[in-house]
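Residue numbers (the working numbering), protein chains in the order written: chain A, 100 to 622; chain B, 19 to 284.
Do not rely on the hints blindly, as some may be mistaken.
[Claimed, not checked] Anything over 12 Å on all C-beta distances counts as not near chain A; from chain B, calculated:
| hint | residue |
| --- | --- |
| 1 | R26 |
| 2 | G50 |
| 3 | N83 |
| 4 | V114 |
| 5 | G119 |
| 6 | P143 |
| 7 | A145 |
| 8 | F223 |
| 9 | T275 |
[Claimed, not checked] Pairs of lysine-lysine, DSSO-like flavour, derived with a Cα cap of 30 Å:
| hint | chain 1 | residue 1 | chain 2 | residue 2 |
| --- | --- | --- | --- | --- |
| 10 | A | K391 | A | K327 |
| 11 | A | K391 | B | K91 |
| 12 | A | K277 | A | K391 |
| 13 | A | K465 | A | K391 |
| 14 | A | K134 | B | K272 |
| 15 | A | K129 | A | K232 |
| 16 | B | K152 | A | K129 |
| 17 | A | K348 | A | K260 |
Since the hints were derived computationally from the structure, they do not count as laboratory data.
C-beta atoms are modelled at their ideal positions from N, C-alpha and C, and glycine is treated no differently.
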Amino acid sequence: MRVGLIGALAVFLSVSPTVRLSAQDTTAGKTVYVKWCAGCHGETGDGKGVAALYMLPRPRDFTGAVYKIRTTASGQLPTDADLMRAIDEGLPGTAMPAWQTRLSDGERRNVMAYLKTFSSFFSDTSQHPQLLKFSSEPGGGTGAEALRVGRQFYDSIHCYKCHGPQGRGDGPSAPDLKDDPGQPILAADLHENWRFRGGATAEDIYRQLRTGLDGTPMPSFSDLLDQKFLTEEQLWRVAQYVRSLSPPKAPEVRDVIHARQIAGTLPVSPDDSAWSRVDDYYFPLVGQIIRKPRWFAPAVAAIWVQALHNGNAIAVRLTWDDRSQSPDTGWNKYTRRLLQTMASDDSGPQTLAPWPDQLAVQFPPKIPEGMERPYFLMGSNSGSVYQWRWRSAPRGAVAGLARGIDRFDTLPPASGPAARAVWDHGQWRVVFTRTLATADTANELQFAVGRAIPVAFFAWDGSSAERDTRMALSTWYFLALDQPTPPGTFISPVIAMVVTLGLGMLVVVRAQRRDGRRAAARG
Amino acid sequence: MTRSPNLRRYLDHPFWQALGLLVLAYLVIVYGVPLLPGSSLVPSSVVLQYMVTVLVGVLIYVSDNDERWALFKQPLVAMLVEQRLRLVRILVLAVVTLLVGWVTFGQVRTTVAAPPNLRSIHPAPPAEVTFRGKTMTLTGLENPLRQQPESLAAFTAYGKEIYYQNCLPCHGDHLDGLGHFAAGFNPLPANFQDNGTIAQLTESFVFWRVAKGGPGLPREGTPWNSAMPRWEDFLTERQIWAVILFLYDQTGWKPRTWEKAEGGAK
């Protein structure tokens, strides 16, 4: 054990000389492990803790010693620094949190030493993890030429087969993917780099391309370098291209969606170029685990919302990534695998049905005067909510009143909303339009400018077996219909500026006069 | 490294010292303080307060001595009168004017903000609740599982299992309210590691909150926002008491007791 550690530690030190080495105590590590880790990873380290069935991806099985995030060649053990990185920073997009701020340095190092004892591979002295040598990032990675080269090799090394032509994880092989233990696995949506397990930067992406994600269908591309199929620089361009698909910074949640007022007609088509000039708001969605049957593996991770109004009507564009245009029998294999994998409140076998993709936008039926709102999860018996519901098949949208998660009454279609949708390589874009005022003032929300209107979102992916209570949801946010700034608003800033400038010039003139007098006196 | 005489002149001059001090103070407050263990970002209003304090201190220092004060004023006066600094003068005037205009515009512009989310974090519990048809008096109620000290470890282990299968996605591995679903919720799930939650509460209060969830909150608890499920629909009475045992055991807090209404000690 000790002897084996020394080899690994030598590597550890060479990678990360800043990490001080202290006695690694696997006994103390076990205490930490049992208290904080075993619930998911299991007492025996097999990744089958009591919580394992309630999360996807599943917790790591330490007995197999197969790790996704490494700096070593494909098929090799990770270094201690690799393991520490996963513990310290967590794995974004999974249930694994960052422990750096939660456990002390010693506790984390000890638990790392302990989890290595679950596999005999780590104590095998003949195993020497071979560190890959990574070249440094070539410059110009955000330039058009670099991205063109990156895109070219993205196609020629077949990234698109799983990750899709636009990188949203919707490639032709995507529905058939599973990891080594046979669980369903999704090709990463390359537009959400803040959810990449091994890090968000071009450097992180390049490292993943070189090492591969062991235990998953993501291969290492190091052999293509050896075969001179492409150069290091060209592989870097792929990483830089992939990085360019996500926004420069991870999106932040803002509470209030501002709908700007425009003159003339609203863009009703999801691909109208006018939408590219409208502020885009990001809202994370999470699984519905409040009412039975719960859903622990929501497919839609987030929704982007844009809104405009023209004083007469409102247009809301919702954009979300969904790998499948459901129902799609091509995804049945994935759906079946997912149903077998996840824990469920229902007993009995789950039968597949051609479930559509769905989206709901929820408002209160009236703009509340105080802060009281209907219950965010689709209202209740005592307080209904007004919803727009769109579905992919049969394609269309309706408005209705929900009184709880299981009761939805459709309203007559007279006053809308109208909805137009496109599915484009793993992304839905839907535009709802409705007049601000309608005839049915009792049931339908009457939009008003300058008010904070509560709004919430719900999304279903049919190919992930999502329907009814199995969905992704948000809590209440707000929508505000802005007015153009009235000209009167500019009066006081202009007065303040004139006064400031006047005073400033007065000070200058007086100082110069005094200086002139002094100079004259001296002269 | 030798200091150039030019740089030295600036370093010894009270005006540039004052300016340097202000910049340094700003950097320390905005970027330095959050790095200290246990601290977080300094809110902008507090930054302003600190900066005003530093400014007053600096002004007292430079005006304390006539010679220093005269020296301090020199660059300012020069900026106002000297022909060679004409461009700087115009620039300062323009920037100050625009800044005042922008700040005033920010003050008078009306924009819609989210209404304040005023809520009572620990609303008063009812004297009794109905749990699956059974009436339970909350006042004076103790965790019945604590009456069997010999089985406490087993109950706690059972509670852990229930926690990991039900509570984990929101309340998190570390019980700090930062589970992998937490980002979707506003307000954030309760942080049991914080000394303001279970450390302040009796186990009967926690039982009430777990059993009735968000929908069971009184109005002042803003029940329309809380995503806490009504666990009565999922868990038995015994399971809820077990998970409560686990919460206190895992965080190290002691529940508030009915005899001595204190608790909150780790």
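**Prompt:** Are the Cα positions of K391 of chain A and K91 of chain B separated by 30 Å at most?
**Reply:** violated (73 Å)
Does K232 of chain A lie within 30 Å of K129 of chain A when you go C-alpha to C-alpha?
The given pair, whose Cα atoms are some 33 Å apart, is violated under the 30 Å limit.
- prompt: Is the nearest Cβ of chain A still more than 12 Å from the Cβ of N83 of chain B?
  reply: holds (22 Å)
Practice item. Please work out if K348 of chain A and K260 of chain A have their alpha carbons no farther apart than 30 Å. Key: holds (27 Å)
**Report entry** Hint consistency between K391 of chain A and K327 of chain A [alpha-carbon to alpha-carbon, up to 30 Å]
**Finding:** Not satisfied, since the Cα-Cα distance of roughly 55 Å exceeds 30 Å.
ask   = For G50 of chain B, is the shortest beta carbon distance to chain A beyond 12 Å?
value = At roughly 19 Å from the nearest Cβ of chain A, G50 of chain B sits farther out than 12 Å, so the non-interface label holds.
With d taken as the least Cβ-Cβ distance between A145 of chain B and chain A, does d exceed 12 Å? Holds, since 23 Å exceeds 12 Å.
- Holds or violated: is the Cβ of P143 of chain B farther than 12 Å from all Cβ atoms of chain A? At roughly 20 Å from the nearest Cβ of chain A, P143 of chain B sits farther out than 12 Å, so the non-interface label holds.
Item checked: Closest CB of chain A to the CB of R26 of chain B still more than 12 Å away -> holds (27 Å)
Q | Whether F223 of chain B stays farther than 12 Å from all C-beta atoms of chain A, as the label says | A | At roughly 21 Å from the nearest Cβ of chain A, F223 of chain B sits farther out than 12 Å, so the non-interface label holds.
| task | Please confirm whether V114 of chain B is truly not at the interface, meaning its C-beta sits more than 12 Å away from all C-beta atoms of chain A. | result | violated (6 Å)
Note to self: Hint check: K465 of chain A vs K391 of chain A, CA-CA at most 30 Å. Holds or violated?
What the structure shows: This hinted pair holds, its Cα atoms lying about 28 Å apart.
Violation of the numbered hints given earlier is confined to hints 4, 5, 10, 11, 15 and 16; the remaining hints are satisfied by the structure.
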